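Protein sequences appear in the order of chains A and B. For the first sequence, the numbering used here puts the final residue at 379, and the numbers step up evenly by one. For the second sequence, the numbering used here puts the final residue at 379, and the numbers step up evenly by one.
Keep in mind the hints are simulated off the structure, nothing from the lab. Among the clues, some could well be false.
In this list, chains with the same sequence are indistinguishable; a pair is considered to hold if it fits within one copy or across any two.
[Stated by the list, open to error] Computed cross-link-like contacts, DMTMM-like style, restricted to lysine to aspartate or glutamate with a CA-CA straight-line distance of at most 25 Å: (1) Lys251 - Glu206; (2) Lys210 - Glu297; (3) Lys307 - Glu115; (4) Lys251 - Glu114; (5) Lys189 - Glu348; (6) Lys252 - Glu150.
The structure presented is a predicted model; accordingly, all values stated were derived computationally and were not measured.
2 protein chains.
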Amino acid sequence: MKIVHTVEEMQAIRRTLSGSIGFVPTMGALHNGHIALIKQARNENDIVIVSVFVNPTQFLKGEDLEKYPKKIESDSKICELCKVDYLFMPQTPTMYSNDEVLVKAPNLKSYTLEGERRPGHFDGVLQVVLKLFNLVRPSNAYFGKKDAQQLVLIQQMVRNFFLPITVIACDIVRESDGLALSSRNVYLSEEQRKEALAISKSLRSAAEHIGAKMLDCQTLKIQMQNIMKNLDIEYIAFVNREFQEIDTIILGNSIILIAVKVGSTRLIDNIWI
Amino acid sequence: MKIVHTVEEMQAIRRTLSGSIGFVPTMGALHNGHIALIKQARNENDIVIVSVFVNPTQFLKGEDLEKYPKKIESDSKICELCKVDYLFMPQTPTMYSNDEVLVKAPNLKSYTLEGERRPGHFDGVLQVVLKLFNLVRPSNAYFGKKDAQQLVLIQQMVRNFFLPITVIACDIVRESDGLALSSRNVYLSEEQRKEALAISKSLRSAAEHIGAKMLDCQTLKIQMQNIMKNLDIEYIAFVNREFQEIDTIILGNSIILIAVKVGSTRLIDNIWI
C-alpha cells in the first residue's frame with residue numbers, strides 16, 4: 107500500500123492507473139463501518155483508494171473540528187490489512203487555497219434536518235467530495251447509509267454535474283447491541299453508551315410497526331419518542347428518498363432519521379424502509 | 107461530424123473515445139473568433155468537440171437570453187468545415203433539473219467588473235462549464251481572452267476542483283478595423299458599429315503609451331476616456347491576472363478592460379499587457 111500526501115502526487119499516480127477504481131472517502135478514525143465499505147470496494151474493483159481527510163469546510167464554528175478523533179497509525183494499518191492500494195492522507199493546505207470556487211448544496215435537501223442544525227455543512231461536504239472525486243476519478247465510490255442526507259446529496263451532485271461515477275450506498279454497520287458505528291462513539295461514557303441504545307431500539311420498533319402495516323408517521327413518531335424519552339431528541343424525521351417530508355410511510359421509498367444528543371455528543375441514526 | 111443532442115448520448119460517446127480531446131464550449135452564433143479556437147483545437151488534439159448551448163443560468167432577468175442570436179444551421183456548417191468530430195447541441199432540459207447543486211464563483215474575482223453589473227452571471231458560467239467539462243472530459247479546453255474575467259475564473263475552477271484539464275487562453279480576434287468579434291455585434295447599426303471602433307482604438311492607444319513607459323493607470327484611463335468620449339462607458343479597469351485592481355501597469359501581469367454601451371448593446375473588450 108502506498109501512502110499519498112499531496113494533491114500533485116495523487117494526480118501523478120492517477121494518470122498511471124487503469125482498470126476499475128473503487129474509492130472510499132473518510133475522515134479517518136476508521137471503524138468496522140468503514141471497513142465494510144473498504145471490503146466491498148476491494149471485492150468490486152481492480153484498484154482501491156481510501157482517503158483520510160478531516161475536512162475543515164464541513165465543520166461549523168464551535169463544532170468538534172479540533173478534537174475530531176485522529177488515528178493515523180491505526181487507520182494506515184487497517185487499510186493495509188484490507189489490501190487498499192493507495193491511502194490518500196492530504197494536509198489542508200494541499201486541498202484548499204483562498205477565496206475558492208465553491209459548491210452550494212441545493213436548498214430544499216440541504217437546509218433541513220442535519221443542514222438546518224449545521225447550515226453550510228453540506229456545502230463543505232460536497233466541495234471536498236467533488237475535489238476528491240476529481241483527484242481520484244473513481245469508477246465506484248462507497249458511502250454509508252448512516253449519513254443518509256449526505257449520501258442523497260452526493261448522489262444528486264453526481265447527477266447534476268454529470269460525473270462519470272457510480273455511488274454505492276452501503277448498509278449501516280452496528281454493534282451487536284444495535285448501536286450504529288460512528289467515529290464519535292468514542293466520546294461516549296459507558297453509561298451514555300447504554301442510554302444511546304434507545305436510538306436503534308426505536309428504529310427497530312418503528313420497522314416492526316411498519317411491518318404490521320402501521321404507516322402513519324405521527325403515530326410512529328410518538329412511539330419512538332416514548333422509547334427515547336430519556337434522550338435529548340433533536341429530531342425524528344420521516345422523508346422519502348428525495349428528502350421530502352412524508353406523512354405516511356411509502357414502502358421502498360422512505361427513510362426514518364433520528365438525531366439526539368447524549369451528553370455533549372451528537373449522534374445520528376436512520377433506517378431505510 | 108456527428109451532432110449530439112442529449113447528455114446521455116454525449117456520455118455514451120465519450121466512453122468510446124480515447125486520445126487527446128480538444129473542447130470548445132460556445133453559445134453559438136459562431137464567428138471568426140470561435141473559428142480560431144476551433145482551428146487551434148483541431149491542430150492540437152486527436153478529437154475535437156464543440157458545444158453550442160445558450161446557457162440560461164448565466165443570463166440575468168431582463169438580459170438578452172430570449173433574443174440571443176441563434177444560428178444552428180450556419181453553426182453546424184462552420185463546425186463541419188472546421189473538421190469538428192462532435193457538435194454537442196443540448197436542449198436546456200437535458201442539461202438542468204430543479205433545485206440543483208450549484209457552483210459559486212469566488213467573491214473577490216466574480217463580483218467586480220462584469221460580475222458587479224451581472225451578479226450571479228459567473229456562477230452560471232462556472233456551473234455550465236463544469237457540467238460540460240464533466241461530460242466531454244477534454245484534455246484541452248479553449249477559451250478566448252475577450253471574456254477575460256470568465257477565462258480567469260474558469261482557470262481558477264480547474265485549479266480549485268483539481269480538474270485534469272488544460273485551459274488554453276486564445277487571443278482576441280478582431281475585424282480589420284479593430285472591433286473585437288462578438289456574437290452581439292449583430293445588434294449594432296452601421297453607425298453604432300463605427301462608434302464602437304473607439305473601444306479598440308483606446309486600447310491600442312493605451313498599449314502604445316505603455317510601450318513608451320507610461321505605466322500610471324489613472325493617466326492611461328483619462329486618455330482612454332477621451333478617445334471614447336462619445337460612448338456610454340460602464341468601466342475602464344486595470345487589473346492583474348488575478349483580477350485585483352492595480353494602480354500601475356506591471357508588464358506581463360496586467361489586463362486593461364472596457365465595458366461600454368453602444369445604443370442598447372453592451373460591448374466588452376480588453377488587452378493583456
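Legend entry - Violated hints, by number in ascending order, as checked against the structure: 2, 3, 4 and 5
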